[in-house]
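Here are the chains, one letter per residue:
2 protein chains.
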Amino acid sequence: MTLSRRTMLGSTAALTASTLLSQANARAADEKTTVNFALVGLGSLSTNQIAPALQKTKHAKLAGIVTGTPEKEKIWADKYSIKPENIYNYENFDKIAANDNIDVVYIVLPNGMHKEFTVRGANAGKHVLCEKPMANSSADCREMIAACKQNNRKLAVGYRCQFEPHHLYCRETVQSGKYGPLHAIEAGFGFKIGDPNQWRLKADLAGGGALMDVGIYALQACRFLTGEEPVAVTAQETKMNPKKFAEVDETITWTMTMPSGVNCYCSTSYAFNGINRFNAYGQSGWLGLDPAYSYKGIKGESKDGPIQFDQIDQFAAEMDAFAKCILEDRQSSVSGEEGLRDLLAIEAIYESIQSGKRTQVQKA
Amino acid sequence: MTLSRRTMLGSTAALTASTLLSQANARAADEKTTVNFALVGLGSLSTNQIAPALQKTKHAKLAGIVTGTPEKEKIWADKYSIKPENIYNYENFDKIAANDNIDVVYIVLPNGMHKEFTVRGANAGKHVLCEKPMANSSADCREMIAACKQNNRKLAVGYRCQFEPHHLYCRETVQSGKYGPLHAIEAGFGFKIGDPNQWRLKADLAGGGALMDVGIYALQACRFLTGEEPVAVTAQETKMNPKKFAEVDETITWTMTMPSGVNCYCSTSYAFNGINRFNAYGQSGWLGLDPAYSYKGIKGESKDGPIQFDQIDQFAAEMDAFAKCILEDRQSSVSGEEGLRDLLAIEAIYESIQSGKRTQVQKA
Numbered sequence: 001m002t003l004s005r006r007t008m009l010g011s012t013a014a015l016t017a018s019t020l021l022s023q024a025n026a027r028a029a030d031e032k033t034t035v036n037f038a039l040v041g042l043g044s045l046s047t048n049q050i051a052p053a054l055q056k057t058k059h060a061k062l063a064g065i066v067t068g069t070p071e072k073e074k075i076w077a078d079k080y081s082i083k084p085e086n087i088y089n090y091e092n093f094d095k096i097a098a099n100d101n102i103d104v105v106y107i108v109l110p111n112g113m114h115k116e117f118t119v120r121g122a123n124a125g126k127h128v129l130c131e132k133p134m135a136n137s138s139a140d141c142r143e144m145i146a147a148c149k150q151n152n153r154k155l156a157v158g159y160r161c162q163f164e165p166h167h168l169y170c171r172e173t174v175q176s177g178k179y180g181p182l183h184a185i186e187a188g189f190g191f192k193i194g195d196p197n198q199w200r201l202k203a204d205l206a207g208g209g210a211l212m213d214v215g216i217y218a219l220q221a222c223r224f225l226t227g228e229e230p231v232a233v234t235a236q237e238t239k240m241n242p243k244k245f246a247e248v249d250e251t252i253t254w255t256m257t258m259p260s261g262v263n264c265y266c267s268t269s270y271a272f273n274g275i276n277r278f279n280a281y282g283q284s285g286w287l288g289l290d291p292a293y294s295y296k297g298i299k300g301e302s303k304d305g306p307i308q309f310d311q312i313d314q315f316a317a318e319m320d321a322f323a324k325c326i327l328e329d330r331q332s333s334v335s336g337e338e339g340l341r342d343l344l345a346i347e348a349i350y351e352s353i354q355s356g357k358r359t360q361v362q363k364a
Numbered sequence: 001m002t003l004s005r006r007t008m009l010g011s012t013a014a015l016t017a018s019t020l021l022s023q024a025n026a027r028a029a030d031e032k033t034t035v036n037f038a039l040v041g042l043g044s045l046s047t048n049q050i051a052p053a054l055q056k057t058k059h060a061k062l063a064g065i066v067t068g069t070p071e072k073e074k075i076w077a078d079k080y081s082i083k084p085e086n087i088y089n090y091e092n093f094d095k096i097a098a099n100d101n102i103d104v105v106y107i108v109l110p111n112g113m114h115k116e117f118t119v120r121g122a123n124a125g126k127h128v129l130c131e132k133p134m135a136n137s138s139a140d141c142r143e144m145i146a147a148c149k150q151n152n153r154k155l156a157v158g159y160r161c162q163f164e165p166h167h168l169y170c171r172e173t174v175q176s177g178k179y180g181p182l183h184a185i186e187a188g189f190g191f192k193i194g195d196p197n198q199w200r201l202k203a204d205l206a207g208g209g210a211l212m213d214v215g216i217y218a219l220q221a222c223r224f225l226t227g228e229e230p231v232a233v234t235a236q237e238t239k240m241n242p243k244k245f246a247e248v249d250e251t252i253t254w255t256m257t258m259p260s261g262v263n264c265y266c267s268t269s270y271a272f273n274g275i276n277r278f279n280a281y282g283q284s285g286w287l288g289l290d291p292a293y294s295y296k297g298i299k300g301e302s303k304d305g306p307i308q309f310d311q312i313d314q315f316a317a318e319m320d321a322f323a324k325c326i327l328e329d330r331q332s333s334v335s336g337e338e339g340l341r342d343l344l345a346i347e348a349i350y351e352s353i354q355s356g357k358r359t360q361v362q363k364a
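Those sequence lines, one after another, are chains X and B. Residues in the first sequence are numbered from 1 upward in steps of one, following full-length UniProt numbering. Residues in the second sequence are numbered from 1 upward in steps of one, following full-length UniProt numbering.
If we strip away everything but chain X, and leave its shape as in the complex, we get (with noise of 0.2 Å):
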């Protein structure tokens, strides 16, 4: 191979301004550190877990709130110290395009709000971290993910189990083989809900019932520890309280397959407390966790003996990892498209409820 003296000096020259050109870059995010973070919704959720993790993130910063309670503002204003330029309302949010000092919007809101959100914050410009479940639909989840897409900004779900140790642990022990091919997952969540009033039981903001609130723990510990993403489901629904559960379901157990010949078996319910878990077993041991997706107090056992790890503020990692994905310019692990997955697998359950049918999931 020659190359033509104008082509080497080309090249140089362009390899040159390149390398300039990044070195600058290295600079500008070697000086930024921080991600400002925006919280939409400052219900119990954002005020019990997100505000206070957001005290412990090394890169993750609470710089803004947007809520639809005027009586907040002052509160978390003062509370936080978050100038008042950086708090809106849902009418006003969208002026959030020419602020600079967010970067991050974290859309905790009832999940029939996520889409809109997130879709009107990737048109203002920023970075969106939305809660599980994604959207109350794939459709939204698509919606969604194109949104992010076209305006150039990053998207991430608020899988927090998957920053946690004992379940990075789990996973790793999965899929290194250790315990075997894998055969079998039971994974279940569930807890028993107070409050009939609330929106989780309103079909049009929580999209469904158990299974879209908690029962998706299960679903993601069921994708996570495999890396697959399940073939088909079948799954049937109970309900004892069909007054309070009127809109979204109450009980659900389902099975579902993965292309490996994985074979699952799940639960969710609002009814009762008690299954907070999961358990894999390979063809020469298996391990666990229990309780699985508190927020606290994560324990675990194996056939080789307890699975210990220091206990994490799993939202401050979550929103680290999101933050220097931002930074590094890198995509999240916790992206759009897995909450999309998620979505997809949970249609089907549901579709198999309905039809009495064993349900393929459909593809990304």
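Each hint should be verified, as a subset may be incorrect.
Identical copies carry no separate label here, and so any pair may be met within one copy or between two of them.
As a list, the in silico BS3-like pairs of lysine-lysine whose alpha-carbon atoms are at most 27 Å apart [to be verified]:
#1 Lys-202 <-> Lys-72
#2 Lys-324 <-> Lys-239
#3 Lys-79 <-> Lys-357
#4 Lys-178 <-> Lys-192
#5 Lys-296 <-> Lys-363
#6 Lys-192 <-> Lys-303
Note that these hints are calculated values from the structure, not bench results. Please read these numbers as outputs of a predicted model, since none were measured by experiment.
Given chain X's structure and the hints, the job is docking chain B onto it.
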């Protein structure tokens, strides 16, 4: 109403005769406190569990054997002092009809032989205790029930767990409503099967794989705890070693709903160890056993702490219970109908796997 003197006298005479007869029967029953068992099939279960258990029973005595392996005759005769006239093979088994020293035949053969030997035993005038699963099909179960009925003989299935104190405590606690209405049960039983040439892997002898052999324990637990018969099932099967499991199922997960709304999710497998349990969840509490189905070492936990009872010999309890049913002329709580109901649910699970549809469980 007037009665003629003749009628009065006649009826008094009949009453007197009947009273005398029943008193005589009562005396005979008082005298007879032991029921003589012949074990049909001297494989590992008979050798390692049932014969030793018969050394501990109060009302059941090992009096005879039926074996297809001539060399076992002397070994067993020597070990258990079995009289030559109480030893049969599969060909001359029917001659047991003339042997008043045998009251019960306990069928411990491969599943596919249960029907034949139950029917032959009943036709020979013997009560029948049959290992689980009762038969390869519900049709076979019905034939077995009919044969015992026609011969006025009792029929029971070897559901040893139904006599185990931890299981009994769990059923009593669930049904007492202590933990409120029951909402869900998770149950599973499996193990990694060894020898690829054993009868359990042959369809004609085993009738099915893990589901027939050990999944039935999980199914039993759901039925026993609730006292209900399943309405409908959904199920999926996976097979990661299609060569070894060419004829029978390897791993199955299923969902199962009860008339009250209890929603069950279950598993069974021949591919791995680790699942041997049930957990039942009420509105205000939960309980479970793990291991639940082992011969020894049953352990339980509940919302209120450990569930602890003395370990018993479950086979001895099962045989003593059947012996007492015979001595007291009562139907067994683990009757042929109980075995039939499990087969109906198992058939629904297999049908659901084949059809991909939620499948109603047929009524007994």
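Evaluation of the provided hints:
Taking the shortest Cα distances, Lys-202 and Lys-72 sit within 27 Å of each other inside one copy (24 Å), while across copies they are farther apart (69 Å). Within a single copy, Lys-324 and Lys-239 get their C-alpha atoms no closer than 43 Å, and across copies no closer than 42 Å, so neither meets the 27 Å cut-off. Within a single copy, Lys-79 and Lys-357 get their C-alpha atoms no closer than 52 Å, and across copies no closer than 55 Å, so neither meets the 27 Å cut-off. In this assembly of identical chains, Lys-178 and Lys-192 lie within 27 Å of each other by CA distance solely across copies; the values are 17 Å between and 36 Å within a copy.
In the homo-oligomer, the alpha carbons of Lys-296 and Lys-363 never lie at most 27 Å apart, since the shortest distance is 33 Å inside one protomer and 47 Å across protomers. In this homomeric assembly, Lys-192 and Lys-303 come within 27 Å of each other (Cα to Cα) only across copies, at 15 Å, whereas the closest approach inside a single copy is 31 Å.
Hint compliance for this structure: hints 2, 3, 5 are broken, all remaining hints hold.
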